[in-house]
Amino acid sequence: MEQENSIKLYTFIIYSENVPGLLSQITAVFTRRQVNIESLNVCASSTPGAHKYTITANCNLAMAKMLTAQIEKKIDVLQANFFTDEEIFINETCLLKISTPVMLENKNVCRMVRLHGAHIVEVNPIYATIEKTGITSDILSLYDSLKTLGCVLQFVRSGRICITKDFTEHLDEYLAEREKKRK
Amino acid sequence: MERITGAEALMRALEHENVDVLFGYPGGSIMPTYDALYDHKKTLNHILVRHEQGAVHAAQGYARVSGKVGCAIVTSGPGATNTITGIADAMIDSTPIVVICGQVGVAMLGTDAFQEVDVVGVTSPITKWSYQIRRAEDVAWAVARAFYIAKSGRPGPVVLDFAKNAQTSMVDYQPAKADFIRSYEPDPDLNEDQIRQAAKMINDSVKPFVLVGQGVELGNAREELKAFLEKADLPCGTTFLGLSAIESDHRLNKGILGMHGNLGPNVMTNQCDLLIAVGMRFDDRVTGNLQTYARQAKIIHFDIDRSEFNKNVKVDLAVHGDCKKTLAAVTALLDQTTHTAWIDGFKPYEEKEYNKVIDKALHPKEGALLMGEVIRKVSEATNNEAILVTDVGQNQLFACRYFKFTKPRSIVTSGGLGTMGFAIPAAIGATFGAPHRTVCMFCGDGGMQMTIQELGTIMEQGAPVKMILLNNNYLGNVRQWQEMFFQRRYSFTPMVNPDYELIAKGYGIPAKTVVERKDLDAAIQEMLQTAGPYLLQCAIKEDDNVLPMTPPGANVNEMLLEC
Ligand SMILES: Cc1ncc(C[n+]2csc(CCOP(=O)(O)OP(=O)(O)O)c2C)c(N)n1
Ligand SMILES: [Mg+2]
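Quick note, the sequences are listed as chains A and B, same order.
Under numbering that gives the first Met the number 0, think of the first position of the first sequence as 0, with each following residue one higher.
Under numbering that gives the first Met the number 0, think of the first position of the second sequence as 0, with each following residue one higher.
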């Protein structure tokens, strides 16, 4: 019961046919039930013809179940599932633009970049661009420490992408099952 | 293969889907299609409505009584937006319809062209599927898919947004068939475990109670339901939309569930040890306060729509599938048994409700006419075999309570959306969906005026709708809530009414007004014996209340018998 009601960050992985208009239908399922989407990533999946949506949102377990059921009900949605952070490998990317003069003045800036395993991808006299890939907390930690050093000019984060820790590829199995029913 | 226009392809595709009636209204962006329709008048009977909302409600009425897909056709922009209420109504009440809207040509899309509205964007949240046909090549495929989606699984509305260039350009037409969409499973395989568990739970139950919803009729599972109930002697209650899924007088039918339902089924919901819901969705008007709803019982839910499980009420067992199959499979495993003592337990509540409410509603000795007595008399005058179409309000609640049903697919009412103005157009649709049956429509003085223009359609078609206007000079249902919950502050609920008899006569529809009780029987006879449409206006007591009532948010078993 406690688990049912506690609010958590869930990652929703949704596969659909590649048809226009589905994205707004899927996001509407969240907004209609007053759940804010934290991040959203949409692109072609490894299964030809299928699109993959990776969405994160904070909600309780009952809501997560309801959201996936309502999403899966859309005609062109193939599958919808949700996961906790423990059930998936997560990746996010961020880009930071930092001030070159501050970087040259304060050694801690470069130290922080190295410490976080981030890369400097471009330097010019005005700014340097830094890239970091990792889990959300590592990215935020890099950002926070550089911000404290007063060098951040711009910060952008991607949505989350992830892979399940499962041994089977549920979508492929599902599609194979479905194909057997084709008349 | 033949080279034809996209509009002509639409005609062929509709004929291929066995469409025989279309309810519609023309306009600029759908003109090529109307031009094609001109050559198909023999096969596609187009009924010109007087407002596009009427086209959709008529399609709904047609679909509900016939079990076929209803079809509406309108122009772009305002034509399309006028259909929204009907589409939302069909969505929440699972009614299979296909609405075809004209749309500006693709070259103009997104330019705020004349009468351009993002119809797919607007209708996506209230349809099962909404699709823009941009090329004539897609017509056959889209129509086949639309009808397949509308009628399969849990039925619902589909919108086809038909761009003008797709109507006029040429295509090599070949009929298409849709019976498989890999991302859509309308007829899930039975799960043997679920079937066995359900049968065991029912066989173990001492106080079982079945909730019957519209799913039974949508799944054509009336016979299966009856076999299921009778084999294990299971008492049941029905939702409004499930009213004609079982005969009103069947010994196991204990009446109506919910806010204005019967006392017995609502009280017993909180006394049973097993609640078995079939093709219903635990609407808040049925459950009342969820925190106290059937907490003592185990709950089994039969439904074809997986997303309904645990949505409002947490269930112990979900039986996923078409109830025609799941009910039959479970019935095979049921013990033939009786629950006499438990079923007798309904009687005191039936008697109490009869004495406190029903007797007074049906047999008043004096005072103005009451809705209940009019409705029961009309029902009995049709031998309880008619189709009931209602509007929304007290007229609806009383009609659902006091009309009686013996035949399948006999209730057409706006359940989930509660759309005033539904009755007249839906009743028109019903006369086309069931041309050999009597269609009795009950409406209030408020709702009548919301789609009163459809009297023009009735006039033109001679549609034999028996209209009973229950005129209480109030937005009665709202007035009742004001009386009960807002200290009798009757804020904008008194109705200043026109002379409805005169209006009907203006449309050439025979009409009569009954004020005195002694004139009622003869007037009903005259209405039923007059061929074609008829308006019977009844002057109803102004401040009557629908009882019993579970106040909003109250516990299901705590019904008020008086107020
Ligand atoms: C389109 C629409 N507008 C408003 C309402 C709210 N409403 C529900 S019942 C009702 C009163 C209906 O009055 P009337 O048609 O005279 O029926 P009565 O209750 O008097 O039988 C109203 C305004 C509604 N259900 N639908
Ligand atoms: Mg009224």
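I should point out that these hints are in silico values taken from the structure, not numbers from a laboratory.
Just so you know, even glycine gets a beta-carbon here, dropped at the ideal spot from N, CA and C.
Treat the hints with care, since some could be wrong.
[As the list claims (entries may be wrong)] Covered stretches of chain A, as calculated for chain B (at least 3 residues, CB under 8 Å):
#1 21-29
#2 69-76
#3 81-91
#4 124-134
[As the list claims (entries may be wrong)] Quick list of in silico lysine-lysine cross-link-like pairs, DSSO-like style, CA-CA up to 30 Å:
#5 A:K106 to A:K96
#6 B:K323 to A:K64
#7 B:K517 to A:K64
#8 A:K51 to A:K106
#9 B:K376 to B:K176
#10 A:K179 to B:K323
#11 A:K72 to B:K176
#12 B:K376 to A:K72
#13 B:K324 to A:K51
#14 A:K72 to B:K517
Within 30 Å, alpha carbon to alpha carbon, are K376 (chain B) and K72 (chain A)?
The hint is violated at about 44 Å.
Given pair status - K517 (chain B), K72 (chain A), alpha carbons within 30 Å
Since the Cα atoms of K72 (chain A) and K517 (chain B) sit roughly 55 Å apart, the hinted pair is violated (cutoff 30 Å).
Okay, the stretch 69-76 of chain A and chain B, do three or more residues pass the C-beta test at under 8 Å?
holds (count 6)
Do three or more residues of the stretch 81-91 of chain A come closer than 8 Å to chain B, measuring C-beta to C-beta?
violated (count 0)
Tell me if the straight-line CA distance from K517 (chain B) to K64 (chain A) falls inside 30 Å.
violated (59 Å)
Stated coverage of the stretch 21-29 of chain A by chain B [criterion: 3+ residues, CB within 8 Å]:
holds (count 3)
Has the given pair, K324 (chain B) with K51 (chain A), been kept, meaning a C-alpha gap of at most 30 Å?
Violated - the C-alpha atoms of K51 (chain A) and K324 (chain B) are around 34 Å apart, more than 30 Å.
Can the restraint linking K51 (chain A) and K106 (chain A) be considered satisfied, given a maximum Cα separation of 30 Å?
Judged against 30 Å, a Cα distance of about 42 Å means the pair is violated.
CA of K179 (chain A) to CA of K323 (chain B), is that 30 Å or under?
Satisfied, since the Cα-Cα distance of roughly 23 Å is no more than 30 Å.
So if I understand the rule, the pair passes when the alpha-carbon distance is 30 Å or less; does K323 (chain B) with K64 (chain A) pass?
holds (27 Å)
Can the restraint linking K376 (chain B) and K176 (chain B) be considered satisfied, given a maximum Cα separation of 30 Å?
violated (47 Å)
Between the alpha carbons of K72 (chain A) and K176 (chain B), is the straight-line distance 30 Å or under?
holds (22 Å)
The structure is inconsistent with the numbered hints 3, 4, 7, 8, 9, 12, 13, 14, although it conforms to all the rest.
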